[in-house]
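Peer 1: Spelled out from the first residue to the last, the chains are:
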Amino acid sequence: QHNQSTTDTTLYTPLIPVNRQSLLNNVDVLANMRVGFRNEFFDGTYKDSRFVNEQFRLEIKGKVSDKLYFRFRDRYTRNPETQSIDNLSRSTDLAFVRFDPNEQWKIYVGKLCADWGGYEFDANPIDIYEYSDIIEYADNFLTGAGVGYLPNKSNEFTFQILNSRTKTFRELYDTIPGITEAKFPFAAVLSWRGNFWEGKFQTIWSYSIFKDATHQYMNYFAFGNQLQLKRFRLQYDFKLSLENLDRKMLVTSWIPGHEAAQGVEYMSHWVSADLQISRIVHLAFTGMVDFAYWNGNPDPSPDKTKKLRTAWGYIPGVEVYPLKNVNLKVFGNMVGRVYRYSKYAQTALGQADYDTYRFTVGIVTPLLIL
Amino acid sequence: QHNQSTTDTTLYTPLIPVNRQSLLNNVDVLANMRVGFRNEFFDGTYKDSRFVNEQFRLEIKGKVSDKLYFRFRDRYTRNPETQSIDNLSRSTDLAFVRFDPNEQWKIYVGKLCADWGGYEFDANPIDIYEYSDIIEYADNFLTGAGVGYLPNKSNEFTFQILNSRTKTFRELYDTIPGITEAKFPFAAVLSWRGNFWEGKFQTIWSYSIFKDATHQYMNYFAFGNQLQLKRFRLQYDFKLSLENLDRKMLVTSWIPGHEAAQGVEYMSHWVSADLQISRIVHLAFTGMVDFAYWNGNPDPSPDKTKKLRTAWGYIPGVEVYPLKNVNLKVFGNMVGRVYRYSKYAQTALGQADYDTYRFTVGIVTPLLIL
Amino acid sequence: QHNQSTTDTTLYTPLIPVNRQSLLNNVDVLANMRVGFRNEFFDGTYKDSRFVNEQFRLEIKGKVSDKLYFRFRDRYTRNPETQSIDNLSRSTDLAFVRFDPNEQWKIYVGKLCADWGGYEFDANPIDIYEYSDIIEYADNFLTGAGVGYLPNKSNEFTFQILNSRTKTFRELYDTIPGITEAKFPFAAVLSWRGNFWEGKFQTIWSYSIFKDATHQYMNYFAFGNQLQLKRFRLQYDFKLSLENLDRKMLVTSWIPGHEAAQGVEYMSHWVSADLQISRIVHLAFTGMVDFAYWNGNPDPSPDKTKKLRTAWGYIPGVEVYPLKNVNLKVFGNMVGRVYRYSKYAQTALGQADYDTYRFTVGIVTPLLIL
Chain A
25 QHNQSTTDTT LYTPLIPVNR QSLLNNVDVL ANMRVGFRNE FFDGTYKDSR
75 FVNEQFRLEI KGKVSDKLYF RFRDRYTRNP ETQSIDNLSR STDLAFVRFD
125 PNEQWKIYVG KLCADWGGYE FDANPIDIYE YSDIIEYADN FLTGAGVGYL
175 PNKSNEFTFQ ILNSRTKTFR ELYDTIPGIT EAKFPFAAVL SWRGNFWEGK
225 FQTIWSYSIF KDATHQYMNY FAFGNQLQLK RFRLQYDFKL SLENLDRKML
275 VTSWIPGHEA AQGVEYMSHW VSADLQISRI VHLAFTGMVD FAYWNGNPDP
325 SPDKTKKLRT AWGYIPGVEV YPLKNVNLKV FGNMVGRVYR YSKYAQTALG
375 QADYDTYRFT VGIVTPLLIL
Chain B
25 QHNQSTTDTT LYTPLIPVNR QSLLNNVDVL ANMRVGFRNE FFDGTYKDSR
75 FVNEQFRLEI KGKVSDKLYF RFRDRYTRNP ETQSIDNLSR STDLAFVRFD
125 PNEQWKIYVG KLCADWGGYE FDANPIDIYE YSDIIEYADN FLTGAGVGYL
175 PNKSNEFTFQ ILNSRTKTFR ELYDTIPGIT EAKFPFAAVL SWRGNFWEGK
225 FQTIWSYSIF KDATHQYMNY FAFGNQLQLK RFRLQYDFKL SLENLDRKML
275 VTSWIPGHEA AQGVEYMSHW VSADLQISRI VHLAFTGMVD FAYWNGNPDP
325 SPDKTKKLRT AWGYIPGVEV YPLKNVNLKV FGNMVGRVYR YSKYAQTALG
375 QADYDTYRFT VGIVTPLLIL
Chain C
25 QHNQSTTDTT LYTPLIPVNR QSLLNNVDVL ANMRVGFRNE FFDGTYKDSR
75 FVNEQFRLEI KGKVSDKLYF RFRDRYTRNP ETQSIDNLSR STDLAFVRFD
125 PNEQWKIYVG KLCADWGGYE FDANPIDIYE YSDIIEYADN FLTGAGVGYL
175 PNKSNEFTFQ ILNSRTKTFR ELYDTIPGIT EAKFPFAAVL SWRGNFWEGK
225 FQTIWSYSIF KDATHQYMNY FAFGNQLQLK RFRLQYDFKL SLENLDRKML
275 VTSWIPGHEA AQGVEYMSHW VSADLQISRI VHLAFTGMVD FAYWNGNPDP
325 SPDKTKKLRT AWGYIPGVEV YPLKNVNLKV FGNMVGRVYR YSKYAQTALG
375 QADYDTYRFT VGIVTPLLIL
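Chains as they are written, first to last, in the numbering used here: chain A, 25 to 394; chain B, 25 to 394; chain C, 25 to 394.
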């Protein structure tokens, strides 16, 4: 018996030591992909068709040691330019380590995702066919540090201190008369994730303050709420951004000469529903509306209105999960946008209403490749 | 007995679960490299010497799940610029998934290699020391979808629908009077791979049609043939490209002012021989000739000829495989090119004949690194 | 018994074959990171604060087969531009294979690190908070080939032949009257690593000659010395670079019009001390001084001096290793620089003295992620 046992041990001792096995087991390499065939329309007229790699982000993440986690994500759909403030490529979304001293605390350091609330923002980008304006024009992959605190299983609080941007003030705004660049242009982000009725109702709420220049702040609120039933999921986000300096550059882009606008406000409602007809077939609908206001418009005209644009979005679609063991969906959907400018924006700023929509069929997968 | 068996099981249960083991086993990470020391000559005069990373492409590929395959290849020898049409980096050759519903069918989606026939094109780029003009100036990594059909073990048919380019018409051609951009600039590629006499004779034939603009097509034919004997391999490709708009931009580059040429034709013969002197030493020879014609030349001159250039290529070399378990070859070769312009191209277009050759020693390996 | 043994074998045969297991075991994927929160001062005045990804380099390295090694390192903090001479991205530090025919010889081919001596240069870049001028402005990731020879356990000799740069002469210097570009602008690097008193004293010495243009050379000497006691490590480097053409471009940058300077000399002393207070806490200090001379200054003025600048550097700091199993340090330090120009550089070239310092807290880790 003894001999045989010894032989066995020799025979089956794995070549790969336990440490390495645990690394191989706990670290995932993913290809986050969305590829589709788009048919694009502008103001009701067919414009063009093309295949598009809507998303391609390679990701490496996992537990690299006891209590230590790593995450890196890099996209191949954006030019990799090293950024002047945080020194990392613009194509790199995430590059951080997380250390969990115990089950209640987490510490993050590196290039992070600002932990803004809202389910739209929190989703894997491959699952968002079109972002609302308030997210689309935001700068959210920022370098800094954060802590997470989980007092119990139902609540998680996160607090982050980040650079407020990856580029210098000058690169973003050039110079603005009367405004002095901040010495530490920071973002402070506080978020709360709640979990109620055994996960049936969840929340991701947050408040952030961004300092862009001396006395120039952006205050951002996001309230995401999710109802998750057995075969039905409903998400609703309310988001509001009050910007002393136009950070999204949307209002700015409508001003003749494109000088940076001051006193800008963006507000967004976003709703997403997912109904499981069966394991394989889901019906999905996303709807959104974004409002853009220019409260600080210096124009003395009595016709001036604060609201400049209302942008609607609607995305009805079907999603099919043909494979049992792989998270891969085949989708067919319509992404419609309706842009409506206020009378003032039309007459004084020369903007014109327009609509776009596109029909797309394609695939989405956060493919585990290693 | 029972107890001992139980103990054994506990002792040897691998940390890595079976799913993950199969991923680790079936997915390959490769570094496709060719590095060499080049001595370059122009018109018979020594010009310079330098070490060159002729190829460096990282690749991840393999079976990621039952019936599902993934392939990604990215080069570090080309600037990674996001392309305006397909939204992916120009440096990324391949980024696709393949699903095989059964043994006879394959479905591809993503950034693909246009499945053009010919053995030159089908080879791993690290094995082609110099491409013929017709391949060198082609755009072949395109986004789209494809199906493969294998009616039996001797035949495989592939059909692809792809974007015809990664850039917009304007970026490639600026504007051309009288020509309207196509709304869906597509490429349709049909190819056939045949396998005869137990693999001794093989073919890769293809026909493609590219639509670049309204009524403006490129028709491309490639007929690749391979004889594989025990110690000798012979490959011959015939390729022909009929282009309403000059897609290769070669003829265009010879026209003063470089306006896009219309009615262009490229034809190519390519032959490659590999003789195994022993397992370790191979003799290799590649020869090619490319003809460039401008059938649509509007010049009314009676001296006008359609053929503008004949470009010869010859690559004699020795390849040594020093390692038994690794596909790594040390090569020494000469890459010679002879460019001969027609009398018309010389007098009317101001082109002049020239020759180049280079002697290179180096290594080639599609190195499996993980 | 026989049956049971058979059963066992079947049961425990690993899915992953031995070859692959050895690859998975011997190849490391690393994220070389340094992230910190910097508070920057200029001439004693607080300038700004920001989080910076000071280093982020992904690396794959290891033994890929019997006697064959591979190493690849790519940074995400530098724009990936393909270089005109060696054809590889500027962001790629290393991309080479190493073959060890036996225990005494090593052969390297690919993009290498010039094997300059000195401990500052030999360190992982994440461990150098600020490089001395002589390294900071050098071009050291070059393509070529090398051999290593280990006559015994105490000595290693390396000889490399590399391209002298990754860009063309014109890209670096434009044209310089009277100077002809070299046909083979090479670098030859000879280095010696010595190991004495059971590793207590070690050396990395080197001599390199770079040919930049016909009759235009750079001669570079580096003498690195290390004393390693139980809880104390002391390193001292002396480095000297004699440059016919100003390769570091430092002196050049001080000349009005920035024409390339000729007859330039850089000299550097660098010292680094590390004291282990405990396993967890280290005290670290780095000091350096760089001298820049313009021996070839054509100015006939009698006030001319050869020495133009003295640049001091001092980096006192604390380093904490909180984790037992992971090489990760939390650091807090000050990086101070003092730049002093000679009277001649001030009056004739218009340069002015300045000081900078910064306080940083952050983390450093060559994190093993796969």
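Note that these hints are calculated values from the structure, not bench results. Owing to the predicted nature of the structure, the values given are computational and were not obtained by experimental measurement. Careful, some of the hints might be misleading.
No more than 16 angstroms apart at the CA atoms, straight line, and that leaves these computed lysine to aspartate or glutamate pairs for EDC-like [as the list claims (entries may be wrong)]: (1) A:Lys235 to C:Asp72; (2) A:Lys207 to C:Asp90; (3) A:Lys87 to A:Asp151; (4) B:Lys85 to B:Asp52; (5) A:Lys348 to B:Asp124; (6) B:Lys191 to B:Glu180.
Pulled from the structure, derived: some chain A residues nowhere near chain C, Cβ distances all over 10 angstroms [what the hints assert, rightly or not]: (7) Leu39; (8) Phe220; (9) Tyr231.
Listed next, the stretches of chain A that the computed footprint assigns to chain B, with coverage defined by at least 3 CB atoms under 8 angstroms from CB atoms of chain B [claimed, not checked]: (10) 51-64; (11) 238-247.
Ideal placement from N, C-alpha and C gives every residue a C-beta, glycine not left out.
Peer 1: Hint by hint, note whether the structure agrees.
Peer 2: Checked hints:
{"no.": "1", "hint": "A:Lys235 to C:Asp72", "in the structure": "holds, 13 angstroms"}
{"no.": "2", "hint": "A:Lys207 to C:Asp90", "in the structure": "violated, 55 angstroms"}
{"no.": "3", "hint": "A:Lys87 to A:Asp151", "in the structure": "violated, 24 angstroms"}
{"no.": "4", "hint": "B:Lys85 to B:Asp52", "in the structure": "holds, 5 angstroms"}
{"no.": "5", "hint": "A:Lys348 to B:Asp124", "in the structure": "holds, 14 angstroms"}
{"no.": "6", "hint": "B:Lys191 to B:Glu180", "in the structure": "violated, 31 angstroms"}
{"no.": "7", "hint": "Leu39", "in the structure": "violated, 4 angstroms"}
{"no.": "8", "hint": "Phe220", "in the structure": "holds, 35 angstroms"}
{"no.": "9", "hint": "Tyr231", "in the structure": "holds, 21 angstroms"}
{"no.": "10", "hint": "51-64", "in the structure": "holds (count 5)"}
{"no.": "11", "hint": "238-247", "in the structure": "violated (count 0)"}
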